[in-house]
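With the hints as constraints, model all of the structure from the sequences given.
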Amino acid sequence: MYKPTKIIIALVIFLAIVTFPIWSSIGSDSVSPDVEISLDTPAINALGDDASCIYDTDYMRANHMKVLSEWKVEVVRNGNRMIVTEDGREYLASLENTCFECHSNYEDFCLKCHEYSNVDPSCWECHLEPVTDSNVSEEV
Amino acid sequence: MEKMSRRKFLKLGTLCAAGVSAAAIGASSVASAATTATTGTYQKNVKRLKGTAMGMVIDMREIDSEKIAELQKVCHAFHNVPNVPNEKDEVKWIWAEKYVNLFAGETTERLAEKFADKDFVALCNHCESPVCVRVCPTKATFTNDQGIVLMDMHRCIGCRNCMAACPYGARSFNFVNPRDYLDEVNYAYPTRMKGVVEKCNFCAERVAVGQLPLCVEAAGGAISFGDLNDPESKVSKLIAENFTLQRKINLGTKPKVYYII
Numbered sequence: 655m656y657k658p659t660k661i662i663i664a665l666v667i668f669l670a671i672v673t674f675p676i677w678s679s680i681g682s683d684s685v686s687p688d689v690e691i692s693l694d695t696p697a698i699n700a701l702g703d704d705a706s707c708i709y710d711t712d713y714m715r716a717n718h719m720k721v722l723s724e725w726k727v728e729v730v731r732n733g734n735r736m737i738v739t740e741d742g743r744e745y746l747a748s749l750e751n752t753c754f755e756c757h758s759n760y761e762d763f764c765l766k767c768h769e770y771s772n773v774d775p776s777c778w779e780c781h782l783e784p785v786t787d788s789n790v791s792e793e794v
Numbered sequence: 092m093e094k095m096s097r098r099k100f101l102k103l104g105t106l107c108a109a110g111v112s113a114a115a116i117g118a119s120s121v122a123s124a125a126t127t128a129t130t131g132t133y134q135k136n137v138k139r140l141k142g143t144a145m146g147m148v149i150d151m152r153e154i155d156s157e158k159i160a161e162l163q164k165v166c167h168a169f170h171n172v173p174n175v176p177n178e179k180d181e182v183k184w185i186w187a188e189k190y191v192n193l194f195a196g197e198t199t200e201r202l203a204e205k206f207a208d209k210d211f212v213a214l215c216n217h218c219e220s221p222v223c224v225r226v227c228p229t230k231a232t233f234t235n236d237q238g239i240v241l242m243d244m245h246r247c248i249g250c251r252n253c254m255a256a257c258p259y260g261a262r263s264f265n266f267v268n269p270r271d272y273l274d275e276v277n278y279a280y281p282t283r284m285k286g287v288v289e290k291c292n293f294c295a296e297r298v299a300v301g302q303l304p305l306c307v308e309a310a311g312g313a314i315s316f317g318d319l320n321d322p323e324s325k326v327s328k329l330i331a332e333n334f335t336l337q338r339k340i341n342l343g344t345k346p347k348v349y350y351i352i
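Going line by line, the protein sequences match chains A and B. For the first sequence, the tail end lands on 794 under this note's numbering, and the numbers increase by one without skipping. For the second sequence, the tail end lands on 352 under this note's numbering, and the numbers increase by one without skipping.
Treat the hints loosely; a few may be bogus.
To be verified - Here are a few chain B residues that sit away from chain A, every Cβ distance over 12 Å (derived from the structure):
#, residue
1, 115
2, 144
3, 151
4, 312
Stated by the list, open to error - One side of the interface only, derived from the structure: several residues of chain B facing chain A at Cβ under 8 Å:
#, residue
5, 131
6, 132
7, 133
8, 134
9, 135
10, 136
11, 207
12, 208
13, 234
14, 243
15, 279
16, 280
17, 281
18, 282
19, 320
Hints are computed from structural coordinates only; laboratory data are not their basis. Please read these numbers as outputs of a predicted model, since none were measured by experiment. Beta carbons are placed, not taken as given, at the ideal position from N, Cα and C, and that holds for glycine.
Structure below.
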């Protein structure tokens, strides 16, 4: 009952179907998400061309959750509330008091990507999303 | 096609398995190298208040009921402590307490009226041997390097062991969603969620940048804050010069809040 030709053809077809999600996206534009996030906030506009995040954009886009998770441990448990970047910039490691000073547009920034990638971070159960007309507008 | 012998098949199979696992190990080590992410160093603020056993001396001769209400208002407003009307569900960080409750077991049978009727300030004692820290199963509550007993809200599972353990009633459980009971929201400080325990944090976020706790500032000199291990600190001097009381000292929790009656 050993029929190698049929078995090999069936195997190839099977593998092709199983790996469809991988090879179908090669070379197509659909890998980059169709999400437009907004950097149009008063604080970022005030910085002008010098505007830069704590780390560079690509790194933050992929790793902001790891950065925040690390801050959580360093600030709460180790009491290290300052982060000094490699090029010597100092920041207060705080979601409310540092991140949201610039990114005061929760709906058009955080939420856009989170909705696209279907994640529901539990951060917002305690941490308050910025409200533009109260806390942030005073800072600018 | 030539038939493969069992021996040859097993040899080939083992080789394939070895190759696949080697690739997997290589891939996972690359992946784990990528997860140790951040570039930068963490530091403490140079201005932070120095000390290894932060404590408080409350001069009750200068504090009345109105003052306590004011202290509570300042503290609760900043820390987004909800104002839940139902007493069973209430959340409090600093509150008014009668002498007989504050110093239970240490009072006299014929306590003078001016003490019996007076409202006293009560808050977390930030004990040097905190029972709450010992009983917490997740280490959500812990003592920091300044002797301040803190809550890591990210870790609290709401088991309430700490509430059962604390002899001072300093801890409150969020039976309801606290956001529904905030009169005004302070966007500089997070809220809590339903199902976690909370308490006074000695304003650790202010101490870390060199500011005194809010109640100390609001009390206008009636409450002092500092390092009990430093004999030159204001709190140490006040304790050396005055008759002071600690709450339920016989329990061995070593509370760090001292009262001048």
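Tested hints:
1. 115: Nearest chain A Cβ is 17 Å from residue 115/B, so the label holds.
2. 144: holds, 15 Å
3. 151: holds, 31 Å
4. 312: Since the minimum Cβ distance to chain A is about 28 Å, residue 312/B lies beyond 12 Å and the statement holds.
5. 131: holds, 5 Å
6. 132: This interface hint holds because 5 Å falls under the 8 Å limit.
7. 133: This hint holds: residue 133/B lies near chain A, its Cβ roughly 4 Å from the closest one there, short of 8 Å.
8. 134: Interface hint status for residue 134/B: holds (4 Å vs cutoff 8 Å).
9. 135: Result: holds, 6 Å to nearest chain A Cβ.
10. 136: OK, holds: residue 136/B within 8 Å of chain A, min 6 Å.
11. 207: It is violated, given that the least Cβ distance between residue 207/B and chain A is near 40 Å, above 8 Å.
12. 208: violated, 39 Å
13. 234: Because about 11 Å separates residue 234/B from the closest Cβ in chain A, which is outside the 8 Å limit, the hint is violated.
14. 243: Holds - the Cβ of residue 243/B comes within 8 Å of chain A, reaching about 5 Å at its closest.
15. 279: holds, 6 Å
16. 280: holds, 7 Å
17. 281: Result: holds, 5 Å to nearest chain A Cβ.
18. 282: Cβ of residue 282/B sits 6 Å from chain A, so the hint holds.
19. 320: With a closest approach of 17 Å, the residue 320/B hint is violated.
Hint violations for this structure: numbers 11, 12, 13 and 19, all remaining hints satisfied.
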